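Asker: With the hints as your guide, set chain P onto chain F.
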Amino acid sequence: MIPTVYRVSERSVEYPGTFTLKLEAENPEPDKLPMRFAPGQFNMLYAFGVGESAISFSGLGSDDGNLIHTIRAQGNVTRALERLKAGESLGVRGPFGIGWPLHATVGREVLIIAGGLGLAPLRPVIYAGLLGHLAAIRVRLFYGARRPSELLYREELAQWGQQLNLEISVDHGDGTWPGHIGVITDPLQAAQIDGANSVAFLCGPEIMMRFCIQVLLRKGVPASSIYLSMERNMKCAIGLCGHCQWGPNFICKDGPVFCYEDIRPWLQIRSL
Amino acid sequence: MDYRLQASDLECLIQAIRNKGYLLYGPTLIDGAITYGEIHSVSNLPQGWTDDQQAGQYRVMRRGDKAYFGYAVGPHSWKKYLQLPRRPVWKVAKQNQAIEIIEVQETVPKQAFLGVRSCELHAIAIQDRILSQGDYRNESYRQRRAQLFTVALNCTSAADTCFCTSMNTGPEVTLPSDLTMTEMIEGREHFFVISGGSEAGTKIMEKLPLRPISEGERKLAKERVERLAEEMRRGPRHFDSSDLKELLYRNLDSSNWEKVADRCLSCANCTMACPTCFCSTVEDTTDLSGEHAERWERWDSCFTADLSHISGGSVRADTRSRYRQWMTHKLASWHDQFDSSGCVGCGRCITWCPVGIDLTEEVRTIRALDQKQVRNQEKP
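Residue numbers (my numbering), protein chains in the order written: chain F, 349 to 620; chain P, -11 to 368.
No wet-lab data here; the hints were simulated from the structure. Be a bit skeptical, because a hint or two may be false.
Unchecked claim - Computed cross-link-like contacts, SDA-like style, restricted to lysine to any residue with a CA-CA straight-line distance of at most 25 Å:
id, chain 1, residue 1, chain 2, residue 2
1, P, Lys79, P, Pro63
2, P, Lys233, F, Pro613
3, P, Lys233, F, Cys607
4, P, Lys82, F, Pro613
5, F, Lys433, P, His280
6, P, Lys191, P, Arg130
7, P, Lys233, F, Ser619
8, F, Lys433, P, Ile90
9, P, Lys98, P, Arg130
10, F, Lys601, P, Lys191
11, F, Lys370, P, Lys195
12, P, Lys210, P, Lys79
13, F, Lys370, F, Gly521
14, F, Lys370, F, Asp412
15, P, Lys233, F, Lys370
16, P, Lys195, P, Ala(-5)
17, F, Lys601, P, Ser299
Stated by the list, open to error - Pairwise CB distance ranges (calculated):
id, chain 1, residue 1, chain 2, residue 2, range
18, P, Ala21, F, Pro364, 49 to 57 Å
19, F, Arg431, P, Arg130, 34 to 42 Å
20, F, Ile617, P, Ala293, 14 to 22 Å
21, F, Glu377, P, Met(-11), 50 to 58 Å
22, F, Ile617, P, Arg50, 48 to 56 Å
23, F, Leu408, P, Tyr124, 25 to 33 Å
24, F, Met349, P, Leu276, 23 to 31 Å
25, P, Pro224, F, Asn424, 46 to 54 Å
26, F, Arg431, P, Leu276, 18 to 26 Å
27, F, Cys607, P, Glu279, 44 to 52 Å
28, P, Arg286, F, Ile617, 23 to 31 Å
29, F, His451, P, Tyr124, 23 to 31 Å
30, F, Ala539, P, Ala134, 52 to 60 Å
Fair warning: this is a prediction, and the values are worked out from it, not measured in the lab. Note that the Cβ used here is the ideal one computed from N, Cα and C, for glycine as well.
Chain F extracted, bound-state conformation (with noise of 0.2 Å):
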């Protein structure tokens, strides 16, 4: 499976070392129809003579076949992704895996809960929301970031702050941040939730999810209710190189998305 190739049209820079990049087709075949996918899903990105990686959708599935990713320079492939400019070209294969149960959010109040980049693969449902794609009661957002300096997309934060109920929460404050300092615990903790009607999305790091979960859990809302993206190795993103395993799961294709019901006894076991 080789990978299509894509031309960045657009490059911004969330904050240093974090940056979104909108991909067009470079030769878009007239027969072939534009990459669908769906929230929580992924695509696989390569640079030039340097590797894959990874990146979850975070832009709206939309016909022009453009693609949004916002991506971290961490490893060599993602800082090689980081030098792209304007103009340059990538590899995409995709999209991957099972993403969001939006139609698990019907008649309920959807509770999104990011931590740090974790906001990134839980826009598009962010977006779905916001357009009324979603036939919930309402949509809150709850995201925790290291410092203000390091919240996404922060111009649409600001927009989302007027739209939907939002808490976030830093880990370190820069002396005029007026909200919350600490884990996003605290405000999932002091909100009223009604537990039995609620669905949770989350994705962040594992052990903010694994807190997060048990104080969903006390609130009442049920372990079949309760979904996260989780993060592994993943070469092949096909299920046959074997990196991503987590117990019986292939995170690439069982995942990234699990119900926390479905894969509770593994996300208990340290080093699995």
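Answerer: Same frame as chain F, now just chain P:
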């Protein structure tokens, strides 16, 4: 239908297969071990050799007879011809800002394997389910597998490290094979009992100087295999594998993992020797001009730190977690993933472990600890 092929006519079989355009591979003595290599004639086979295998030990030695297949499996498995240890996947050309990615098209040879043991047929069937029968396929594997011709061999002797009876994968060949043979040495008589299992197999048999087999000889061959199975069931490495998944799933925090980790070198030998281990990784390279790049796929192992590396570091940073991953994957989670065990009882991981870690012994230890725990819980 069973026939008799004189041992002196084994060459006819080899040449009949080669004449059909197959690249024939089989056991051959290289560097003091019986490995798999190309077979041009019967002289390439390790006739009159056998092996002594123990945990962490392998020696070849002379037999007292002229048996062609009088040994158990060696360090290599057939997977090296089906899931290639290293293969090119794609090439990329870069010009100015544009890149072009081209899939590497492989010319796949028609391959035949001579002397495939029952455990190895099971191993191939297991790899089939992973690499060529899912939603996504390893195309190189699929093509090689589709054209494969196999000559299977019933085992009439086993190494001390063999435990196929525990995994229900041998010693008798029960899976389909183009041809299946049993080697028989009775006094001065040396022959093969041979039967066809496919049209391709029958066509090869038509080229051979076969003789009808007597009912007595046929029964004797069957008895030899059954006798071995009985011996193995009484042997020290036989165990009940029916509940291994549940046993290991409830013992992911067993104290035994630390004990194994004290000995395990995390060297990955067991995964390289294993006929079902399928993990692979990719290598991306560029040339000096910076205008050409390649991607290669190669075998990988769950014993490396790299395999589980994510942005925060290795998920399995220590040997304890890597050995646990390997063994629980092989014996437990494989069932959930691919509807069978990932172990065929060939014993390679035992023989080729440099410190002699024995999977069957680890199973027994974990079971003993598990039973102790259950007994303690039952006490008032």
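Asker: For every hint, state whether the structure bears it out.
Answerer: Hints, verified against the model:
For the hint pairing P/Lys79 with P/Pro63, the CA-to-CA distance comes to about 33 Å; that exceeds 25 Å, so the pair is violated. Proposed proximity of P/Lys233 and F/Pro613 is supported: the alpha carbons are some 14 Å apart, at most 25 Å. Taking the CA atoms of P/Lys233 and F/Cys607, the gap is about 22 Å. The hint holds against a cut of 25 Å. Of the pairs offered as hints, the one joining P/Lys82 and F/Pro613 is violated, with about 47 Å between alpha carbons and a cut-off of 25 Å exceeded.
This hinted pair checks out: F/Lys433 and P/His280 have alpha carbons roughly 20 Å apart, not beyond 25 Å. The straight-line distance between the Cα atoms of P/Lys191 and P/Arg130 is roughly 24 Å, inside the 25 Å bound, and the hint therefore holds. Our distance criterion of 25 Å between C-alpha atoms is met by P/Lys233 and F/Ser619, whose separation comes to about 19 Å. A threshold of 25 Å between alpha carbons decides the hint, and for F/Lys433 with P/Ile90 the separation of about 23 Å falls inside it, so the pair holds.
Simply put, P/Lys98 and P/Arg130 have alpha-carbon atoms about 12 Å apart, close enough for the 25 Å limit, and the pair holds. Restraint check for F/Lys601 and P/Lys191: the C-alpha separation of about 42 Å exceeds 25 Å, so the hint is violated. Of the supplied pair hints, the one linking F/Lys370 and P/Lys195 is violated, its CA atoms being roughly 64 Å apart against a limit of 25 Å. For the hint linking P/Lys210 to P/Lys79, the alpha-carbon distance of about 52 Å lies beyond 25 Å, and the restraint is violated.
The straight-line distance between the Cα atoms of F/Lys370 and F/Gly521 is roughly 31 Å, outside the 25 Å bound, and the hint therefore fails. For the hint linking F/Lys370 to F/Asp412, the alpha-carbon distance of about 12 Å falls within 25 Å, and the restraint holds. For the hint pairing P/Lys233 with F/Lys370, the CA-to-CA distance comes to about 46 Å; that exceeds 25 Å, so the pair is violated. Between P/Lys195 and P/Ala(-5) the alpha-carbon distance is near 15 Å, which keeps this suggested pair within the 25 Å criterion.
Taking the CA atoms of F/Lys601 and P/Ser299, the gap is near 20 Å; set against the 25 Å cutoff, the hint holds. At about 55 Å, the CB distance of P/Ala21 to F/Pro364 agrees with the hint of 49 to 57 Å. The hint said 34 to 42 Å for the Cβ distance between F/Arg431 and P/Arg130, and at roughly 37 Å that hint holds. Judged by the Cβ atoms, the range 14 to 22 Å given for F/Ile617 and P/Ala293 holds: they are separated by roughly 19 Å.
Between F/Glu377 and P/Met(-11) the Cβ separation comes to about 55 Å, which falls inside the hinted range of 50 to 58 Å. Separation of F/Ile617 from P/Arg50 is about 50 Å and conforms to the stated range, judged on CB atoms against 48 to 56 Å. The hinted range of 25 to 33 Å is satisfied by F/Leu408 and P/Tyr124, whose Cβ atoms lie roughly 27 Å apart. Between F/Met349 and P/Leu276 the beta carbons are some 28 Å apart, a value that agrees with the proposed interval 23 to 31 Å.
With their beta carbons about 48 Å apart, P/Pro224 and F/Asn424 fall inside the hinted range of 46 to 54 Å. In this structure the hint that F/Arg431 and P/Leu276 lie 18 to 26 Å apart at CB holds, the actual value being about 19 Å. Distance hint check: the CB atoms of F/Cys607 and P/Glu279 are about 47 Å apart, consistent with the given range 44 to 52 Å. For the pair P/Arg286 and F/Ile617, the supplied restraint of 23 to 31 Å holds, since their beta-carbon distance comes to about 29 Å.
Taken as a hint, the range 23 to 31 Å holds for the pair F/His451 and P/Tyr124, whose Cβ atoms sit roughly 25 Å apart. Between F/Ala539 and P/Ala134 the beta carbon distance is about 58 Å. The supplied range of 52 to 60 Å therefore holds.
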